[in-house]
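Trainee: Listed below are the residues making up each chain.
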Amino acid sequence: MIPIDIRPDKLAQEMLDYSRKLGQGMENLLNAQTIDTGVSPKHAVYSEDKLVLYRYDTPEGATAEPVPLLIVYALVNRPYMTDIQEDRSTIKGLLATGQDVYLIDWGYPDQADRAITLDDYINGYLDRCVDHILDAHGIEKINLLGICQGGAFGLMYTAMHQDKVKNLVTMVTPVDFKTPDNLLSAWVQNVDIDLAVDTMGNIPGELLNWTFLSLKPFSLTGQKYVNMVDLLDDPDKVKNFLRMEKWIFDSPDQAGETFRQFIKDFYQRNGFINGGVMLGGQAVDLKRITCPVLNIYAMQDHLVPPDASKALKDLTESQDYTELAFPGGHIGIYVSGKAQKEVTPAIGKWLNEHSV
Amino acid sequence: MAEEGFFDDSWLDLQRKYWETWSQMSRQAMGLEGDEGKLTNPWESAVDNWWKALSPAVSDSSRTFMDKLMEQGKVFFRFGEAFATGARDDAYASDGMAFWTQALEDIRQRFSGSLDGGDNVMQQIMSFWEMPLDNWQRMMSSMSPMPGDALRNMPHEHLNRVLSAPGLGYTREEQSQYQELIRAAIDYQQALQEYSGFYARLGVKSVERMGSYIQGVIDSGKSIDSARSLYDHWVMSCEAVYAEEVATPEYAKIHGHLVNAQMALKRRMAVMVDENLGALNMPSRSELRTLQDRLQETRRENKQLRHTLQALEKQVAALAATVPTTLPPTIKAAAPSAKAQVRKKAAAKTTRTD
Chain A
1 MIPIDIRPDK LAQEMLDYSR KLGQGMENLL NAQTIDTGVS PKHAVYSEDK
51 LVLYRYDTPE GATAEPVPLL IVYALVNRPY MTDIQEDRST IKGLLATGQD
101 VYLIDWGYPD QADRAITLDD YINGYLDRCV DHILDAHGIE KINLLGICQG
151 GAFGLMYTAM HQDKVKNLVT MVTPVDFKTP DNLLSAWVQN VDIDLAVDTM
201 GNIPGELLNW TFLSLKPFSL TGQKYVNMVD LLDDPDKVKN FLRMEKWIFD
251 SPDQAGETFR QFIKDFYQRN GFINGGVMLG GQAVDLKRIT CPVLNIYAMQ
301 DHLVPPDASK ALKDLTESQD YTELAFPGGH IGIYVSGKAQ KEVTPAIGKW
351 LNEHSV
Chain B
1 MAEEGFFDDS WLDLQRKYWE TWSQMSRQAM GLEGDEGKLT NPWESAVDNW
51 WKALSPAVSD SSRTFMDKLM EQGKVFFRFG EAFATGARDD AYASDGMAFW
101 TQALEDIRQR FSGSLDGGDN VMQQIMSFWE MPLDNWQRMM SSMSPMPGDA
151 LRNMPHEHLN RVLSAPGLGY TREEQSQYQE LIRAAIDYQQ ALQEYSGFYA
201 RLGVKSVERM GSYIQGVIDS GKSIDSARSL YDHWVMSCEA VYAEEVATPE
251 YAKIHGHLVN AQMALKRRMA VMVDENLGAL NMPSRSELRT LQDRLQETRR
301 ENKQLRHTLQ ALEKQVAALA ATVPTTLPPT IKAAAPSAKA QVRKKAAAKT
351 TRTD
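Chains A and B, in that order, are what the protein sequence lines are. Each residue of the first sequence is one higher than the one before, starting from 1 at the first, in this note's numbering. Each residue of the second sequence is one higher than the one before, starting from 1 at the first, in this note's numbering.
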């Protein structure tokens, strides 16, 4: 038996099939002129500089829970990932469980925003969004859901403003930034962050994209497009794929000073574990977190390994700490069909039980 | 329907004819028939022409997407074509493992510099491992006025001679700046060479890994019978080797050196651009940054003050709401002070005057 036995006629057939699918896909691509993202109805309730705070409309006939939920997304990539399409929407799922959902869109920083610091984000923008919601509802505490880097923001915020947070949910959030399987962390140890920020001002989104794609370069920049050809004859799948492509490459630049502190304090000094993180002259101490915490991580996460998230368990003073492990990856935890069935309802249930 | 709309039959016919001829040639190469020869795959040029005609009608995002589909399609088929039974005219074609072993040896020799040129198969394998490097070059191009590979083959010898000359006279400082710029450029080029060298070594390891996989196929008595399967396993082998190697401290150093060297080079360029802007009496980047810092500090203070003011206003309003509209009974019952009595009388007088 010849181990590589690709007959010319079979190879020719493969090539013809590939060509045919490209042709069929072309029609679907022409029909997919605009790629819509963010499907649930929402309206802006507060804005400041480039930030916009949105409130999602409560579905008709539903009654919203009295404690609103604020979603804090990462500065990297765009928050519409949480509401990317009709049947794959974390936000839609949360609305279905009765949550009154707010979301911060941080916008696209430009060079004028270079000097915005981590303190400005946490104790400035985020705190003012929380205050706005508290005032609007006439309440004293909200629920907070932080995603990825937004989860780290949520931890810092809760540690500094515990009096305003009733429950904290963290999703795929890095806490221990130096677990052995954290490639991003390993790569950044020898990078001179001061030099990079002093040189570039803001850190370009392209540089971040390159870094993320470098985690699996052959699969993410090559093989997935070959695989995609098989799906090209299905207009819906083409649109779904294009939505994800749009999101993956829709990477805002990072405000230089914030990037400097975040990478140095967390990726290089592992600040949640070793301490030493200061915001506005005050130390960030996770021991000040006393509210219930739901920590959700993805078991096949190549960006935030499970151990990086699970480290939170012993770092807070919360007497009500729950972990939820999702059998999937960093992105699948919002967009996979399984996540819609397992993760989102679990968050809603947990929040409803803890918001009484 | 789609075929009629977007594929004209002549293109598909051309491919069919090509493959018929190609199959014929392969049989000839295997000694089954007479003459043999080399053909150039028209699929790539045909697909390129087809796409050029249609792409203007497609949105930007879709165009980028289709570009990638076709680019990867080419990689995938070049790879399959190179390994197809009868495609090669050497004795190894009939034995995949022997062929793969030979391929591995060729790659080793190529990297050791003892094999010039190389055949088509080697190029397919090697070019695949340029993908991460290509990603870096593209990313750098998008962030720079210079092409990403502008410094890739910069000659060292002449530059080193330039750098060894001391700056003299009135333009000494300017010379010094150029020397620093060139030093930074050389350092970046070296970092880039380290980076690409690292990937070249991984290429050899991937071939070895693929060899192990093929050995497994032989042991199981099965065979790889499609270009797609071969391509997928090649990707898997490359990704597995890559994941192991980029987790090492050695790679972290190479990666750090590449990014730092690129930043240092850009920094030198920025310094020189700033100098020129200053000479033109225009605001420089460093001046703008100073202003940005000061402005952000002022805005931060303003926002904090406004926040504090609003909090105080709320407190005042809350206090005002708690102040009783009528005096407590104990105060009412108390005897009026002498001053109050005087005021009362005065008010009474006024009222009367009116």
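Hints are computed from structural coordinates only; laboratory data are not their basis. Bear in mind that the values here come from a model prediction, so they are computed numbers and not experimental data. Check each hint, because a few of them may be wrong.
[As the list claims (entries may be wrong)] Result set (DSSO-like, lysine-lysine): computed pairs, CA atoms no more than 27 angstroms apart in a straight line:
hint, chain 1, residue 1, chain 2, residue 2
1, A, Lys310, A, Lys141
2, B, Lys303, A, Lys239
3, A, Lys141, B, Lys314
4, B, Lys253, A, Lys216
5, A, Lys246, A, Lys21
6, B, Lys74, A, Lys10
7, B, Lys303, A, Lys50
8, A, Lys50, A, Lys10
9, A, Lys21, B, Lys314
10, A, Lys10, B, Lys68
11, A, Lys224, B, Lys205
12, B, Lys74, A, Lys237
13, B, Lys68, A, Lys239
14, B, Lys303, B, Lys314
15, B, Lys314, A, Lys164
[To be verified] Computed spacing ranges between beta-carbons, pair by pair:
hint, chain 1, residue 1, chain 2, residue 2, range
16, B, Leu280, A, Ala283, 43 to 49 angstroms
17, A, Asp236, B, Ala243, 31 to 37 angstroms
18, A, Asn352, B, Gly197, 52 to 58 angstroms
Ideal placement from N, C-alpha and C gives every residue a C-beta, glycine not left out.
Trainee: For this structure, which hints from the list above don't hold up?
Mentor: 2, 8, 9
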